[in-house]
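Sequences listed follow chains A and B, in order. Residue 139 in numbering that gives the first Met the number 0 sits at position 140 of the first sequence; the count goes up by one each step and never skips. Residue 28 in numbering that gives the first Met the number 0 sits at position 29 of the second sequence; the count goes up by one each step and never skips.
Bear in mind the hints are in silico, worked out from the structure with no lab data behind them. It is possible that some hints are incorrect.
In silico DMTMM-like links for lysine to aspartate or glutamate, alpha-carbon gap of 20 Å or less [unchecked claim]:
hint, chain 1, residue 1, chain 2, residue 2
1, B, Lys-25, A, Asp-59
2, A, Lys-35, B, Asp-26
3, B, Lys-41, A, Asp-59
Residue strings, one per chain:
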Amino acid sequence: MNLKRYPYFASNNFQNYYFYSNGPNGQIKKGVRFSKMSDHPVMYNLAFGDMSQDADTIDDLVISNNNDRNIVLATVANTIFDFTENYGNHYIFAKGSTPSRTRLYQIGIGAMLVDINLDFDVYGFKDGLWRSFQKNVNYTAFLVKRK
Amino acid sequence: MPAVKKEIISKKSGYYSNAIVSDKVKDHANDPFVLKKLEEAKAFIRENGLNGLPGHSKK
């Protein structure tokens with residue numbers, strides 16, 4: 000999964016990450032945070048979004064339109080790789096804050112699926128079931144597990 | 000502690016990552032957005048379950 004991505008920083012506990020998106024709207028700081036959400040099975044939530052300049056907190060309601068979606072998503076995928084290297088092969092849950100944001104994640108995952116599948120199993124939730132992720136299918140949430 | 004580059008290489012794909020580990024990276028565990036997303040994620044799994052995943056029966 001050696002896709003183009005941005006350099007990124009990790010906290011000492013590998014639960015927090017940030018990097019800078021570069022595009023027509025300038026340099027935008029992005030943050031990723033993994034938080035444990037269940038023990039059986041062990042599952043972590045992935046929170047991802049832009050970092051507010053004033054409070055340095057993550058917020059994914061901002062639409063930055065920096066024309067680098069796939070590089071940004073590849074960078075986030077990298078953080079999953081680092082996180083699971085340190086915390087084990089557990090499920091990572093991701094869902095956009097809005098249906099359109101979830102769809103953006105879906106399109107990005109679909110575009111990188113061949114590469115992602117080398118290291119990860121990806122599932123999408125649709126019609127009451129978790130299913131192996133397929134391109135061009137609409138899902139409401141995603142689970143990723145390192146192989 | 001100075002920033003340290005940590006390289007990890009996948010045995011499966013040859014994929015590598017190279018996070019720069021730094022104690023200057025803020026902990027976002029208590030960001031309002033992060034907490035909200037965490038609660039929403041828990042609620043989603045509570046409501047929808049894990050049916051269809053390996054080891055979990057389908058309806």
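Hint-by-hint comparison with the structure:
no.	hint	verdict
1	B:Lys-25 x A:Asp-59	17 Å, holds
2	A:Lys-35 x B:Asp-26	14 Å, holds
3	B:Lys-41 x A:Asp-59	18 Å, holds
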